[in-house]
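If you're matching them up, the sequences are chains A and B in order.
Going by our numbering, the first sequence opens with residue 1, and the numbers climb by one from there.
Going by our numbering, the second sequence opens with residue 1, and the numbers climb by one from there.
Any given hint might turn out to be false.
What the hints assert, rightly or not - These stretches of chain A come out as covered by chain B in the derived footprint (C-beta under 8 angstroms, 3 or more residues):
no., stretch
1, 328-334
2, 347-355
3, 374-388
Said to hold, decoys possible - Every beta carbon over 12 angstroms from chain A, so not counted as near; a handful from chain B, in silico:
no., residue
4, Leu19
5, Gly59
6, Phe111
7, Leu137
8, Trp172
9, Leu337
I should point out that these hints are in silico values taken from the structure, not numbers from a laboratory.
Every value quoted in this text rests on a predicted model; they were computed, and no experiment measured them.
Built from N, CA and C at the ideal position, the CB exists for glycine as well.
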Amino acid sequence: MLEAPPAPFPLLSAHALSKRFPGVVAVDNVSLELRAGEVHALLGENGAGKTTLISMLYGLVPPDEGYVSLFGEPVRLRAPKDAIARGVGLVAQHFMLVSRHTVAENIALGLPGTPFFRPTRRLKRRILELGKRYGLNVDPNAYVYELSAGEQQRVEIMKALVRNAKILILDEPTGVLTPQEADGLFEVVRRMKGEGHGVIFITHKLGEVLDVADRITVLRKGAVVGTLPREGADATTLARMMIGRDVVLSRVASAPPRPGLVLELSGVSARNDRGVVVLKDISFRLREGEILGVAGVAGNGQLELAEVLTGHRHVTAGSVSLAGRELGRASIRETFERGVAHIPEERNGVGVVPGLSVGENLALRHYRYPPFSRGGLLNAAATQRFAEASVREYGVSTPSLQTRTGRLSGGNIQKLVLARELSERPGGAVKLVVAAHPTYGLDIGATEQTHRMLVGERDRGAGVLLISEDLEELFRLSHRIIVMFGGKVMGIVEAEGADRGLVGLMMAGGTPKGTYA
Amino acid sequence: MLKLGGWRLEPRPEPSRALVFAVSVGAVLAALFVTGLIFWAYGHNPVTAYRDIFVSTLGNFRGFAEVLRKTIPLLLAGVGLVLAFHAQFWNIGAEGQILAGAVAASGVALFVPVGAPWLLILMFAAGFLGGAVWGLLPALLKVRLGVSEIITTLMLNYVALYGVQYLIYGPWKGLSTRGMPISDTFVPAAWLPTLTGTRLHWPTLLLGVLLAGAVLFLLTKTTLGFETRVLGQSPKAARYAGINLGRTTALLVLVAAGAAGLAGVGEVAGLHHRLVEPAQLSLGYGYTAIIVALLARGNPLAVVLTALLLGWVSATGDVVRVTLRLPAEITGVISGLILLFLLASEPLLRYRWRRVGREAIPVPVTAPVQEGGR
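Working from the sequences, and respecting the hints, build out all of it.
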């Protein structure tokens with residue numbers, strides 16, 4: 001048998017695309033080619049220009065220079081509908097689904113030729129058929145709000161397939177998935193490849209790239225650093241290309257925790273705002289000088305745990321003891337005074353007020369104590385001094401202290417939050433750091449700095465509770481890792497030499513044997 | 001994004017102060033222009049109509065004093081609303097709070113037997129409290145139960161309105177009023193001094209200007225003001241910072257509604273000298289004050305100017321009726337148009353048109369050579 005001749009043209013090619021935004025070149029002279037039956041990974045840090053590039057490929061923004069060809073034909077994409085009509089599908093990071101509609105209704109929405117009455121009637125069979133062909137299990141009658149993130153992602157992929165997409169763009173597709181779900185996604189991608197589709201896979205995770213890609217294009221600061229075939233690539237090379245210098249992905253060296261207890265939870269339960277029990281009988285201890293990781297898929301109680309420790313939520317059962325004293329129904333303010341630093345999950349709008357100045361945001365929690373204010377009157381000079389010192393010490397890069405905080409980059413906003421939270425407070429130094437997804441969305445430089453600061457707190461003797469969905473990060477920094485599922489602690493493992501498969505299993509709700517909780 | 005010819009509409013990062021000012025002035029001018037069209041439709045030459053209006057309101061001392069008199073309640077209520085809006089409390093109830101303040105002050109004037117300076121001071125204190133209580137109810141409902149303050153403050157306006165009517169038709173109806181639904185005239189000790197030859201009760205005006213300065217100080221120099229700005233921009237961040245949302249909101253609303261109550265005191269103590277029909281008492285000042293506050297865009301000092309502007313609009317009513325023989329309600333039309341244009345101009349601050357280069361790069365007609373093709 002002869003091999004099928006290669007398609008005469010690539011499915012998609014980008015020709016010297018450039019896109020400038022005020023003050024930055026987001027994409028600089030990028031050429032790229034996607035062949036039939038290929039998974040082409042786009043690798044790059046946050047801010048490397050991946051999202052802008054795919055926005056141009058999908059018709060969301062027009063290129064300033066260069067053009068896109070689809071199936072060998074130069075095209076001008078004025079809007080996503082042009083791209084869809086020519087066989088391009090995009091699965092964005094944030095799903096675009098109507099949660100109160102069924103899967104079939106979501107797929108029918110906007111689909112050309114959908115009948116006015118009973119719009120989904122001809123669709124269900126096709127969904128099942130495509131599902132079988134690509135290993136995409138979705139129930140067309142299920143309501144979207146019933147689905148997990150992984151299932152919703154399958155619906156998005158199905159939406160593209162039903163629209164006959166030959167080219168599928170997946171933007172950071174594994175960010176919301178459990179390891180098992182990610183494996184499922186890779187299987188679907190392989191089947192699509194087998195059917196002659198081309199897949200552009202955007203990620204900043206090296207491991208995934210090596211798992212699934214055929215070719216890898218690395219972007220840095222908007223430009224292509226290089227395109228490698230899978231066979232010629234390894235993690236070290238890719239990491240160096242991505243960030244321009246060698247990074248150490250090994251564990252951060254650490255001394256064993258000290259004997260003093262920072263935090264002790266026993267039998268803690270709590271309900272969410274709708275009265276549903278979201279924390280069930282949680283018990284663990286955190287020692288001075290220890291980083292305790294909390295792993296879990298989003299929505300399994302990790303954030304409620306952080307809320308309980310920071311005074312945002314009160315327990316319904318059990319007890320929390322902070323440095324030997326009962327936390328009880330302490331208010332947010334009291335937890336701050338008692339030495340709890342809180343790095344919230346949402347930076348903009350919670351961690352900082354985007355419309356206020358850098359200086360004001362640095363004083364967001366100190367303003368009511370002397371010397372920042374006395375008798376209800378603000379002391380601008382004290383605030384200014386504190387802000388200047390913080391900006392210098394934490395390397396917050398800002399044009400001035402009067403700059404609106406919303407104009408800073410994510411990394412600088414996080415530095416600002418850290419500078420404020422880790423600082424002395426009226427009750428003394430920080431005893432407990434509760435960090436929720438502290439490096440989410442940050443580039444490698446800012447991530448490293450954040451890690452250094454958490455490690456610095458640990459070495460100083462504070463206890464750090466590190467909630468993250470990035471297993472790499474958890475294994476790198478933690479002494480031990482708690483795995484949460486359904487509001488319960490599934491297990492606690494030593495990070496050093498831990499079995500990652502086991503952690504993945506527990507994240508998905510599997511019960512391990514031979515571990516302790 | 002919307003595209004028109006070679007221009008594209010895109011979000012604007014942060015409007016400059018000059019632009020905000022220009023757009024606000026533009027909205028006012030647009031409203032006056034459309035009003036001119038209305039004059040014209042009634043058979044008046046808009047130019048001469050406006051000349052008549054300007055001459056009689058700004059061209060002589062008495063006319064201007066009337067403008068200032070109408071400015072007073074708008075200033076007091078408007079400064080309060082700026083504070084409430086800073087805290088994201090959408091108070092539509094200044095009208096009711098003005099009435100509540102007027103009732104409280106009237107109660108003191110009619111029934112508390114104290115002497116000259118103390119009576120007025122007591123009336124202002126009572127009026128502030130009256131307005132504050134009228135605002136506190138919706139504030140508590142919002143903070144405790146999450147009830148929309150837009151509905152409750154609006155509805156309480158009607159409660160206040162009928163409350164005033166009940167008083168003047170019932171228990172507070174004057175003995176010497178020959179059956180008219182008004183209270184007895186206050187004792188002279190309850191009368192505010194006026195500028196000679198005018199109806200301008202200047203102490204209230206002074207109070208309004210001082211209050212504007214005080215609110216500016218509160219917002220920029222105090223911890224409560226800091227909390228207000230955090231709360232107004234991001235309630236979630238305020239909670240995170242440990243700010244007691246309920247307490248702070250309630251406190252601010254108290255001050256805001258109290259300011260409207262002071263406006264009510266000014267009207268009864270400075271002008272009517274008795275409790276009168278609600279429609280005579282307030283003339284919709286509480287609603288117009290919303291425009292005053294919005295036009296000032298959160299700056300308490302700017303309220304002095306915007307209150308003056310809408311005070312002038314209010315004062316044109318008499319001229320319009322007498323000279324142009326048009327219904328005095330035309331002032332409501334002008335205020336409404338200002339609000340309309342103001343809201344409609346909002347996108348000008350948030351978006352801008354940018355010229356985009358001609359359709360980027362010409363696309364080659366033939367397929368290009370494939371680099372590194374298979």
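Right, here's what the structure says about each hint:
1. Counting residues of the stretch 328-334 of chain A whose beta-carbon sits less than 8 angstroms from any beta-carbon of chain B gives 3, enough to reach three: the coverage restraint holds.
2. Counting residues of the stretch 347-355 of chain A whose C-beta sits closer than 8 angstroms to any C-beta of chain B gives 7, which meets the bar of three, so the coverage hint holds.
3. Taking a C-beta to C-beta cut-off of 8 angstroms, the stretch 374-388 of chain A contributes 3 residues in contact with chain B, enough for the three needed, and the coverage statement holds.
4. Distance check for Leu19(B) against chain A: the nearest CB is about 16 angstroms away, which clears 12 angstroms, and the non-interface claim stands.
5. The claim that Gly59(B) lies off the interface holds: its Cβ sits roughly 43 angstroms from the closest Cβ of chain A, which is beyond the 12 angstroms cut-off.
6. Separation of Phe111(B) from chain A is adequate, the least Cβ-Cβ distance of about 36 angstroms exceeding the 12 angstroms criterion.
7. Residue placement check: Leu137(B) keeps its beta carbon more than 12 angstroms from all beta carbons of chain A (closest about 25 angstroms).
8. Here Trp172(B) stays apart from chain A, with its beta-carbon at least about 40 angstroms from theirs, past the 12 angstroms limit.
9. No Cβ of chain A comes within 12 angstroms of the Cβ of Leu337(B); the nearest lies about 30 angstroms off, and the non-interface call holds.
Hint violations for this structure: none, all hints satisfied.
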